[in-house]
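Using the sequences and the accompanying hints, generate a full structural model.
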Amino acid sequence: MSAQSLVARAQEWSKEQPWRLYGSQVSVLVRNEVRRNLLTRRRIWIYLLALLPVLMILAHVIFDRRSIYPAQIENDTRVLAGIVQLYYFRLGIFFACMAIFTWLFRGEMVERTLHYQFLVPVRREVLVVGKFLAGAVIAIALFELAVLTCFYLMYSRFGSAGRSYVFDGPGLAQLGAYLVVTALACLGYGAMFLAFSLLFKNPIVPGVVTMGWEAIAPIFPAWAQRLSVTFYLKHLCPVSLPITGPLAIFTIVAEPVSPFIAVLGLLSLTIAILALSCFLIHRMEITYTAE
Amino acid sequence: MTRDARQIVFENVSKFYGEVLGVNKVSFSLLPGITSLVGPNGSGKTTLMNLLTGLIKPSQGAICVLGLTPKQPIEFFRQVGYCTQFDSFPPGTNGYDFIYWPLRLHGFGSDQAAKLTNEALERAGMAQVAQRKVAGYSKGMRQRIRLAQAIAHHPSVLVLDEPLNGLDPMARAESIALFEAIAKQGMHVIISSHILEEVDRISNRVVLMSSGYVVAEGQIREVRKEVREHPMQILVRCSNAAGLAAAAFELDHVVEAKILNDGHGVLVRTRDAEQFYLLLNKIVSSGLVEIDAVAPADDDVNSIYQYLIGSDGGPT
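Line order of the protein sequences matches chains A and B.
Under this note's numbering, the first residue of the first sequence carries the number 2, and numbering increases by one thereafter.
Under this note's numbering, the first residue of the second sequence carries the number 1423, and numbering increases by one thereafter.
Don't take every hint at face value.
Unchecked claim - Restricting the straight-line Cα-Cα distance to at most 20 Å, the calculated cross-link-like pairs of lysine to aspartate or glutamate (EDC-like) are: (1) A:LYS16 with A:GLU126; (2) B:LYS1493 with A:GLU126; (3) B:LYS1479 with A:GLU126; (4) B:LYS1479 with A:GLU286; (5) B:LYS1555 with A:GLU112; (6) B:LYS1555 with A:GLU34; (7) B:LYS1680 with B:GLU1712; (8) A:LYS16 with B:GLU1712; (9) B:LYS1561 with A:GLU112.
Derived from the structure by calculation, the hints contain no laboratory data.
The model shown is predicted, which means the values in this text are computed figures rather than measured ones.
Structure, rendered in structure tokens:
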């Protein structure tokens, strides 16, 4: 089959699709999932994961009033970079996404409610996209708020010097970069854990393996590193961490790429994993007794 | 594969869970009306329903519902409503939302979805408690709210897995009336149930299942005729019971003619009911016996079930 006829068939297929219906179904799925999952008691530990650095910085603000002088800003900037890069990307967002995204399908299987989703006139691919976006909305809202709060607490205590750093210095650009990277981390990890939940009955084991992979990926060849989420995130972080010793593996940038390529790369990886999930969801059957 | 737009067709369908047999080589086609799936636990009724609605996939064979398959979910699930046996609900949901949100996924706007939700709640008798959390519902209420969800989008095929379980007699009668009303509109209603008397009363046809196999399928009387090794029982209420019994014994196909305790009737067991009815006509015209009533005594689902499967078909 020639490329031309393939394109013609793809165009024909695209014209036949009820895109408006798909859009409204995704919108309904997102609203319903967010409504059901954003503010629930069983999510408390995810809120704690997001809020832990906020509480630590708050304690720092309250109990460390002596170190409020302009020169300290640079030090606090590195602390904030460490919190975002080492805590949020490696632990907080990672585990929160594990909880949020694996629950989207596997949790419904455990609660024996997934059949309701499979008995409505919705293509399973639309279901995957809708649920993924719902998870992304929850994770992004939670962690962007947390990062934003950390940032505010970190610089507000410096008064006019802090304002000057944020609005006249590099602060605002750093905040923008952190928010973008946080959102990308949620999307990347989210897609990965969604796929795991469709591949494995217990996604925690592959999750732990992935955590190890994300840590040691920098020692592998460049092509293999591209299969890691943190590979892309590191290139987008605005402040480099002066870490030496074994922990430096978390901050090594073995092969620098431009921020544009990093964003595009991570989004491509996310879309590829989502496409895999769309394929996997078709294999899924409702056999609750086997769970 | 037959793609009749009115029929539900199972063509050589088998389902294995690893090495465990779910159903094996099931082939039948159903026309609109009420069809009952009857069989003991583990006979494959729920598997058949899950296959029909695409919740599980056949290991082999093909299923077609009104010319559609679950691979076309948008068209398929607009036609099909399934009230499953799974007694679980999304946490925190109330009765209204449980019906409303799936309707939104059908593509209905908020007003239309609200209207259909209220209508379904009314039909299932759940309007008064719709705003309460489903977690606080009784078993019967949970059963009815699932039924309401299954009928809310006005499907052409309604699949009901043990829909009468947990219902009180009043709700049971109302549900049966609802099924009959839906079937009268030319729709398919497929019911699995252990309550054979009720199923028997409302069914147009039955599918009898045992250990994953369909052992008989069709209209209840037709199925009964096929069970040739079990003579059919016919109860005749009449004036001269002894005379009728003597006449009946002269026929080769009559294996037993028992005079009833009150002496006003005979229970005949025959291998050829039609021949016996002809004899009965002759006897009546000869004036030997005055007939008050004639009725088959065992062409109900329960008896057929007993003959075919060797169980009384009671709750298992």
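Contradicted hints - numbers only: Hint check: 8 fails alone, others pass.
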